[in-house]
Structure formats: structure tokens, C-alpha cells
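Novice: As a plain string of letters, each chain reads:
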Amino acid sequence: MQHISINNNQSIALSEIPELIYSEFMKGNLELLSGKPERHCVNYFGYKTSDSIKLICCIADDVVHQIFVSSAIVDAVSILPSFTSQNHNFEKFEREIHENFGIPYSDHPWLKPLRYPYDRFDKSQVIGNYPFYKVESEELHEVGVGPIHAGIIEPGHFRFICNGEQIMHLEIQFGYQHRGIENLFLQKKKLLERTTLAENIAGDTAVGHSTAFVNLWESLCGYTPDPSLDFARTVALELERMANHTGDLSGVCADIAYQLGNSVYGRLRTPIINFLQEWGGNRLGKGLIRAGKINFPFTQALADRLTEVFKAYEPDFNEITEKLFKLPSALSRMEKTGVVTYEEVLEIGTVGMAARMSGLNRDIRASHPSNLYGSILHKPVIKHHGDVYSRVQIRKEEIRQSIGYLKQLIASVPEFKKSEEFTATPLSDKFVISLVEGWRGEICHCAITDHSGNLVIYKIKDPSYHNWMALAQAVRNNDISDFPICNKSFSLSYSGQDL
Amino acid sequence: MFDNLKIMWHQGKQFIPDVTTAKVPGIFRGRPLITKAKVDEAMLVGLCPVKAISSNPVSIDLGKCTFCGECAIQFPDKISFTTDYKLSSNERERLIIKEGDEASIIVNPDTIRKEIHRLFGGSLKLRQVSAGGDNSCEWELNSSNNVQFDVSRFGVDFVASPRHADGIVITGPITENMAESVERCYNAVPNPKVIILVGTDAISGGIFADSPALNRDFLSKHSVDLYVPGNPAHPLTFINGVLSLLRKTKI
Numbered sequence: 008m009q010h011i012s013i014n015n016n017q018s019i020a021l022s023e024i025p026e027l028i029y030s031e032f033m034k035g036n037l038e039l040l041s042g043k044p045e046r047h048c049v050n051y052f053g054y055k056t057s058d059s060i061k062l063i064c065c066i067a068d069d070v071v072h073q074i075f076v077s078s079a080i081v082d083a084v085s086i087l088p089s090f091t092s093q094n095h096n097f098e099k100f101e102r103e104i105h106e107n108f109g110i111p112y113s114d115h116p117w118l119k120p121l122r123y124p125y126d127r128f129d130k131s132q133v134i135g136n137y138p139f140y141k142v143e144s145e146e147l148h149e150v151g152v153g154p155i156h157a158g159i160i161e162p163g164h165f166r167f168i169c170n171g172e173q174i175m176h177l178e179i180q181f182g183y184q185h186r187g188i189e190n191l192f193l194q195k196k197k198l199l200e201r202t203t204l205a206e207n208i209a210g211d212t213a214v215g216h217s218t219a220f221v222n223l224w225e226s227l228c229g230y231t232p233d234p235s236l237d238f239a240r241t242v243a244l245e246l247e248r249m250a251n252h253t254g255d256l257s258g259v260c261a262d263i264a265y266q267l268g269n270s271v272y273g274r275l276r277t278p279i280i281n282f283l284q285e286w287g288g289n290r291l292g293k294g295l296i297r298a299g300k301i302n303f304p305f306t307q308a309l310a311d312r313l314t315e316v317f318k319a320y321e322p323d324f325n326e327i328t329e330k331l332f333k334l335p336s337a338l339s340r341m342e343k344t345g346v347v348t349y350e351e352v353l354e355i356g357t358v359g360m361a362a363r364m365s366g367l368n369r370d371i372r373a374s375h376p377s378n379l380y381g382s383i384l385h386k387p388v389i390k391h392h393g394d395v396y397s398r399v400q401i402r403k404e405e406i407r408q409s410i411g412y413l414k415q416l417i418a419s420v421p422e423f424k425k426s427e428e429f430t431a432t433p434l435s436d437k438f439v440i441s442l443v444e445g446w447r448g449e450i451c452h453c454a455i456t457d458h459s460g461n462l463v464i465y466k467i468k469d470p471s472y473h474n475w476m477a478l479a480q481a482v483r484n485n486d487i488s489d490f491p492i493c494n495k496s497f498s499l500s501y502s503g504q505d506l
Numbered sequence: 018m019f020d021n022l023k024i025m026w027h028q029g030k031q032f033i034p035d036v037t038t039a040k041v042p043g044i045f046r047g048r049p050l051i052t053k054a055k056v057d058e059a060m061l062v063g064l065c066p067v068k069a070i071s072s073n074p075v076s077i078d079l080g081k082c083t084f085c086g087e088c089a090i091q092f093p094d095k096i097s098f099t100t101d102y103k104l105s106s107n108e109r110e111r112l113i114i115k116e117g118d119e120a121s122i123i124v125n126p127d128t129i130r131k132e133i134h135r136l137f138g139g140s141l142k143l144r145q146v147s148a149g150g151d152n153s154c155e156w157e158l159n160s161s162n163n164v165q166f167d168v169s170r171f172g173v174d175f176v177a178s179p180r181h182a183d184g185i186v187i188t189g190p191i192t193e194n195m196a197e198s199v200e201r202c203y204n205a206v207p208n209p210k211v212i213i214l215v216g217t218d219a220i221s222g223g224i225f226a227d228s229p230a231l232n233r234d235f236l237s238k239h240s241v242d243l244y245v246p247g248n249p250a251h252p253l254t255f256i257n258g259v260l261s262l263l264r265k266t267k268i
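Protein chains in written order, with this note's numbering: chain Z, 8 to 506; chain U, 18 to 268.
It is worth saying that the hints were derived from the structure and are not from the lab.
For clarity, every value in this text was computed on a predicted model and none was experimentally measured.
The beta-carbon is built from N, C-alpha and C at its ideal position, and this holds for glycine as well.
Each hint should be verified, as a subset may be incorrect.
Partial pick of chain Z residues on the chain U-facing surface, computed with a CB cut under 7 angstroms [to be verified]:
1) D114
2) P162
3) R274
Okay, derived cross-link-like pairs now, DSSO-like style, lysine-lysine, Cα gap no bigger than 30 angstroms in a straight line [to be verified]:
4) Z:K141 with Z:K343
5) Z:K61 with Z:K119
6) Z:K425 with U:K238
7) Z:K414 with U:K30
8) U:K55 with Z:K424
9) U:K142 with Z:K414
10) Z:K318 with U:K55
11) Z:K333 with U:K23
12) Z:K196 with Z:K61
13) Z:K318 with Z:K390
14) Z:K197 with Z:K390
15) Z:K43 with Z:K390
16) U:K53 with Z:K197
17) Z:K386 with Z:K333
18) Z:K318 with Z:K333
19) Z:K425 with U:K53
20) Z:K141 with Z:K197
21) Z:K197 with U:K68
22) U:K23 with Z:K330
23) Z:K414 with Z:K425
24) Z:K196 with Z:K424
25) U:K68 with U:K53
26) Z:K414 with Z:K390
27) U:K30 with Z:K403
28) U:K30 with Z:K330
29) U:K115 with Z:K196
30) U:K115 with Z:K318
31) U:K55 with Z:K195
32) Z:K414 with Z:K403
33) U:K68 with U:K238
34) U:K68 with Z:K196
35) U:K131 with U:K142
36) U:K238 with Z:K300
37) Z:K197 with U:K40
38) Z:K403 with U:K68
39) U:K23 with Z:K414
40) Z:K55 with Z:K141
Produce the complete structure using the sequences and hints provided.
Specialist: Okay, structure coming up:
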């Protein structure tokens, strides 16, 4: 198999990516994944060249810490065999390629619209008319929920097929959040516009996505950031993880009607996001991460302040956590609820917490470290039962782990240089891939430039892209009343999926 | 039982006693001040990623501003952001801050629809609709009702059904794919009803303003009762805006 091996955030000449005929391209990539759980497809996408479509496939190997990239040129008319019929990791990717370019696949088992982008190939596909899976039966009934849900939450449509109270099948339909972000990355030429876009991909992951963007951008411009910038990004990523995990623990408590846990975890999120505000002026970390500079250097005074925040946070966090994890009424709702097995997550190709909950070790911080993660020597938190309990345990342990890393990091605050405007511009004819472990899991951004250094394509993959399928799988054979807790325990992004 | 009491005791007093005078920690970017200092206005205008800054005289439209603070970093003599979080108004033009403006942004009591105070002054139930929102304003609206901000103490609650609601709160730039749902949700709310836009994306489209994936027809068909700027809007911005809209004098 011909491919090029690259590192995370390494930019290469586009011409270095081997261009194969489709059958070899398909065979090679499937072989790379076959029987190798340490490998998964981090991105597979197409883009229009003059008169055809170029497909680029990126397979990450967590053991050798490399990403294998290969490509193929196809036209949009010939019927192609699908990767998906042999490996379900590619299900979403090929749906997206089909939706964007109309490439007909002969044997894709689930070739349905993915996000109804405004520039989709087939405009006759409209969001109100999604082809849901149906079962004709007098015993079964359907429950439709959304796009507007009961709480303050993003839109999406859930269609359940139930036997009484029991869920037999769940299909999730997306697209309501589609804002055309990937195209806006090409249309908006100013760096600050693009950085703002990255911060708004998923507002709960503003730090994660903006870090993925600036890491990529600096590499694309051939610029090496000062270690102080990597320090700030690593600190911000861990704070974002802590804040979201704490908020999710609150949400899980709400969904099992444990009011005390809901209130205590809910209020414990506040000092963490307020610290982000003290640092950068925004509770969700918007405005903080910038390519080649930082407007708000991390000072020793901030380090001391964060130490105080932890001093107040830890005893209260430990107290409520000890209570929650010993509470029989809470445990009985979490244990063996919403199980996804190792085989299933491997087949789906989940990332982040949705992989680590079932014994699948996927954590970019350890496998393809960016920023300061290489020196932290991160050990992923792995659980094995794949249930709500495993997902909640991961959050509990990762919060403690993040506090540990943060204490270690702020023990020696680096000196920040005076911020200067970032003036470097992207190099021409480059390909670069940027992976960052956000709080949900792996974030992947890819970019390609043309011969004058303009962006030709900007591809974004939020961890939710694959993980939604794991939620659909998790709720099978569970009571429909357990859907909220299953959903919250995954806590996935709609805007990150719809872009 | 005793464990629970102990945990509750250890939380201490969490709620903010007076949400109208509370101070926000750190360097929150709230209402900007623009001096009359001479600067390269073309450069200042060109700097803004969302075209929120206009020249001659220099002004910032908080309905477009993402509060990234870049203008204050690069033109510190010209622009600074105060920690004043009271940014909401019922009149769109009040969100435009001009050179030399130092007055607070207010909800103009003379132009609030008369029935709002009479009918909703004691209780306002809201249905929130995210229409392309990135889950940051959604998080902050959820936070508005945590034990610290506790907006429900003022009779303001978020409800599950539009039929139980007195109005809708929209976040996000309103995508084409959500346009019909927003309209249908609004139609399901009984009359009279209010519309509140929360966040820069909802008020102007924000960074997405010129995306062909949006459909903002809803806003040209209906009049908006309250604009709540921010990216995301701070819970105190939202709470103070709603309280002013309801003209609650005693809180």
C-alpha cells in the first residue's frame, strides 16, 4: 500500500501524498485498519479539483504515532464500491462525500443525508423529509422527539422505535445546526475572522477547536510557536475539560433526579469558567487562543489564583463525588444502563470518552500529542463496561487528572513574550492535519492550500461525528425513560456535527 | 441524611443576593468606552472580524460584536471594555455605542409594550429555541437558573412546551434548516407573546451573518422585545435585561 506517514501538525507538500487508483486506494486503507484496533480513520473527505473529485484518507496509528495519508481521483458519475460495506468506520464519511458530490456508491448500506448543507449535490433532499428507518408492525410504535427538545439544548431529531417502554431502535437526524462553517473558512480571508469561526464551531469546545485551528495554521505558515503559547493552550484545554466534565456530572445527576448532586456540581462548574474569564475575559474561553500570540498572558498571579480555586473546589468536589458514587439509588440508574461493547465501539470508530468507556484506548493527548502533552506523559483513563457508570467514572477521574496536570503546569509559569501581530502567511500547495484531544475526544482539522497559498479546503471533524452512533447503539433494549441519562452521559455536540 | 445536610452546609451561601449590583470577577468585556483619541480609523474598522465597528464617528455595534477584545488590545487609547454587564435593550439602536458615550445601556420603559408589565410582571415563562446556536449561549441560559444566578426566584422560568410559554428566546443565527421550526414554535405560543434574542449570533448573525446557510426571515416578520448581546451573553446580562423588560421595581 502506498501512503505517506506524517506526524500530527506536520505540513507536507500536497504532491507528496500518493495518488492511487480508487480500487487500490480502497484496498490499501481497508487493509491498514483490518485487525488493528490501534488504528482508526481520523478523516476521509473529498474536494473538487478542476474537473474531478480528489479523495483524501487519513488513518492514524496510535502505536507508531503516525498518520498515514493517501489519495485518489474520481469523477462524480461512476458508481463506486463503498469502504463502508467492509468497514463501518467509514459510514459517516461516505455519506458526507455522497451528499456533497453525488458520488453513487453501489453497496453503502445507509446512504442517507448527513447534515443537509446548503450546497448539497441533491437539492431535492429537504430536511423535513428524512428517510427514517421503519418497521411495519402492530406491536411497535414510533416516538419522535425534536428538532426542538424540552430543555435549553441544541436541535436534532430523535426517532425511536419502541416495544412498549423498550427502545428497539433509535435513529438520529442532523442538519438543523448547519451554518456552512467549512465554506466560510474559505470565504473569510482574515486570520481573526477564521479564528472567530473556529471558536464558534462548538461553543462548549471553543478552546479545543481554536487550538486545533491555531496549531494547524502555524504549521501551515511554517511558524514555530513559543513554548509559552503551548503552555497557555494546554492549560486552557484542561480547564475546559474540567468545566465541561463538572457540568456533565451535574446534568447526569439532574437526569436521575438527584437534586443535591445537580446543584453542587452545577455550582462547582462556575469557579472554573469564572477563572477562564479572569484570565481571558470570557467564561467559555473565547478570545483566548490566537495564532502566534496571546492577548492575555498567563501570569504568576493567575497561577496563584488558580491554586486558590482548586483549594476551594477539591474538598467540595470530593465530598459530593464520594456521596454520589456510594448512593445505591444513583448507582442502580447508572450501572448496566446504555451499554456499548468494545466490539461495537471499534466497529463504529468512536473517539475520546466514547471509546475509553469500553476499553478502547483512544486519546490524542497520549497517541499524537500536541502542545505540551508530549512532556506531560498522559495516561488515558480507560473503563471497560461501556455503560453510563463508565462514562461518569471517566469524568470523575479525568477531572482529578486535569487538576494534577494543571498543578504541575502552573508550578513553573513560563515567561510570555510581548504579543506581536502574526504576519506569516500560509505556504503554497500544502496539506496539514491537526489533531487535538478536546474534552469530548479527538478534534481533527485538515487544510489544503493552492499554489498561491489560499485555502482550497478546510475540513473539520468534531468528536461527536462518530460518537452519536454510539449513543444510538447504547439505548437499544433500554427503557425509553433512560434515554435522557444515556444522552447526557455522552453529552455530544449538534453544532460540531452540523458545522 | 446527615451526609446530605453536611454537604449542603459546606456549600455555604451560593446565591447572588442582588443580581443588579453584583460584580463580575476579572476582566469581563462588557460595555465599551470609546474615547475621542485620533487613530487610524480605516485600520480600526478593518480589524473587526464581524464589521461591528464604524467610523466617523467611531462606534461599536454590540449586536454584531463578538467581544473578542482585539480592538481594545490594538487601540488601547481609543477603546476599552468596562465590566458593565448591563448590555440588554429593547431598542436595537441603543446597542450602538459611539465615541464619547458613557451612559449605561437601558431598556427604554417608554417603548416597552404596555401589556408586558401587566401580564408578565409577576411571572414570565419562556421557551428557548436554539437555531444554529453553538451551545455557548445555551450553557449561559442554563447557568441563569443554577443556584448562583437563580433567575426563577423572579418568576422567570424556562418551560418545555411553547404552549406553556409567554414568549420565545432565540439563540443562534437562525439556520435555513431551523427556520420553519422557529416559526412553528413561535406560532404555538399563545398571544400576547414576547421575543427575546440572546447572543450576537441571534441579534445580527455574528460571524455567520453572510452565510448562505441562514434564513433570518422570521426576524423581518416579527418585532423583537429584547436584545441580549454577548458571545455568549453573560447570565447577568440576560437576567438584568429581562427584569428591566418586566419593569420589576422590587426584587
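Novice: So, for every hint listed, does it hold in this structure?
Specialist: Here's how the hints hold up against the structure:
Hint status for D114 of chain Z: violated, given a least beta-carbon distance of 29 angstroms to chain U, over 7 angstroms. The interface hint given for P162 of chain Z holds, since its Cβ lies 6 angstroms from the closest Cβ of chain U, which is under the 7 angstroms cut-off. With a cut of 7 angstroms, the hint placing R274 of chain Z at the interface with chain U holds, because the nearest CB-to-CB distance is about 5 angstroms. Between K141 of chain Z and K343 of chain Z the alpha-carbon distance is near 28 angstroms, which keeps this suggested pair within the 30 angstroms criterion.
Among the hinted pairs, K61 of chain Z with K119 of chain Z is consistent with the structure: their alpha-carbon atoms are about 21 angstroms apart, no more than 30 angstroms. With a C-alpha separation of about 49 angstroms, the suggested pair K425 of chain Z and K238 of chain U falls outside the 30 angstroms cut-off, and the hint is violated. Using a Cα cut-off of 30 angstroms, the hinted pair K414 of chain Z and K30 of chain U holds, with the two alpha carbons roughly 27 angstroms apart. Proposed proximity of K55 of chain U and K424 of chain Z is supported: the alpha carbons are some 28 angstroms apart, at most 30 angstroms.
Pair hint K142 of chain U plus K414 of chain Z does not hold up; C-alpha atoms about 43 angstroms apart against a cutoff of 30 angstroms. Of the pairs offered as hints, the one joining K318 of chain Z and K55 of chain U is violated, with about 47 angstroms between alpha carbons and a cut-off of 30 angstroms exceeded. Between K333 of chain Z and K23 of chain U the CA atoms are separated by roughly 16 angstroms; this keeps the pair inside 30 angstroms, and the hint holds. Taking the CA atoms of K196 of chain Z and K61 of chain Z, the gap is near 24 angstroms; set against the 30 angstroms cutoff, the hint holds.
As the CA atoms of K318 of chain Z and K390 of chain Z are separated by approximately 28 angstroms, the hinted pair is consistent with the 30 angstroms bound. With a C-alpha separation of about 43 angstroms, the suggested pairing of K197 of chain Z with K390 of chain Z is violated against the 30 angstroms cut-off. Only pairs whose Cα atoms come within 30 angstroms are accepted, and K43 of chain Z paired with K390 of chain Z is accepted, the gap being roughly 20 angstroms. A C-alpha spacing of about 27 angstroms is found between K53 of chain U and K197 of chain Z, which places the hinted pair at or below 30 angstroms, so the restraint holds.
About 26 angstroms separates the Cα atoms of K386 of chain Z and K333 of chain Z, which keeps this hinted pair within 30 angstroms; it holds. With a C-alpha separation of about 24 angstroms, the suggested pairing of K318 of chain Z with K333 of chain Z holds against the 30 angstroms cut-off. A hinted pair counts as satisfied when its Cα atoms are at most 30 angstroms apart, and K425 of chain Z with K53 of chain U qualifies at roughly 27 angstroms. For the proposed pair K141 of chain Z and K197 of chain Z, the alpha carbon gap of about 47 angstroms is over 30 angstroms, so the pair is violated.
Simply put, K197 of chain Z and K68 of chain U have alpha-carbon atoms about 12 angstroms apart, close enough for the 30 angstroms limit, and the pair holds. Under the criterion of a C-alpha separation no larger than 30 angstroms, the hint pairing K23 of chain U with K330 of chain Z is consistent with the structure, at around 11 angstroms. Note on K414 of chain Z and K425 of chain Z: the hinted pairing holds, with a Cα-Cα distance of about 25 angstroms set against a maximum of 30 angstroms. The hinted pair formed by K196 of chain Z and K424 of chain Z meets the criterion: a straight-line CA distance of about 27 angstroms does not exceed 30 angstroms.
Only pairs whose Cα atoms come within 30 angstroms are accepted, and K68 of chain U paired with K53 of chain U is accepted, the gap being roughly 20 angstroms. Restraint check for K414 of chain Z and K390 of chain Z: satisfied, since their Cα atoms lie roughly 25 angstroms apart, inside the 30 angstroms limit. Between the alpha carbons of K30 of chain U and K403 of chain Z the distance comes to roughly 25 angstroms, so the proposed pair stays at or under 30 angstroms and holds. For the given pair, K30 of chain U sits about 21 angstroms from K330 of chain Z by alpha-carbon distance, which is consistent with the 30 angstroms threshold.
Restraint check for K115 of chain U and K196 of chain Z: satisfied, since their Cα atoms lie roughly 28 angstroms apart, inside the 30 angstroms limit. Restraint check: the Cα-Cα separation between K115 of chain U and K318 of chain Z comes to about 43 angstroms, which exceeds 30 angstroms; the hinted pair is violated. The straight-line distance between the Cα atoms of K55 of chain U and K195 of chain Z is roughly 29 angstroms, inside the 30 angstroms bound, and the hint therefore holds. Between the alpha carbons of K414 of chain Z and K403 of chain Z the distance comes to roughly 17 angstroms, so the proposed pair stays at or under 30 angstroms and holds.
At most 30 angstroms may separate the alpha-carbon atoms for a hinted pair to count; K68 of chain U and K238 of chain U meet this at roughly 24 angstroms. The suggested pairing of K68 of chain U with K196 of chain Z holds, with an alpha-carbon distance near 14 angstroms, which does not exceed 30 angstroms. At most 30 angstroms may separate the alpha-carbon atoms for a hinted pair to count; K131 of chain U and K142 of chain U meet this at roughly 18 angstroms. Distance hint between K238 of chain U and K300 of chain Z is unfulfilled; the C-alpha atoms sit about 43 angstroms from each other, more than 30 angstroms.
Using a Cα cut-off of 30 angstroms, the hinted pair K197 of chain Z and K40 of chain U is violated, with the two alpha carbons roughly 35 angstroms apart. Pair hint K403 of chain Z plus K68 of chain U does not hold up; C-alpha atoms about 42 angstroms apart against a cutoff of 30 angstroms. Distance hint between K23 of chain U and K414 of chain Z is fulfilled; the C-alpha atoms sit about 28 angstroms from each other, no more than 30 angstroms. Of the supplied pair hints, the one linking K55 of chain Z and K141 of chain Z is violated, its CA atoms being roughly 35 angstroms apart against a limit of 30 angstroms.
Hint check: violations occur at hints 1, 6, 9, 10, 14, 20, 30, 36, 37, 38 and 40; the rest are consistent with the structure.
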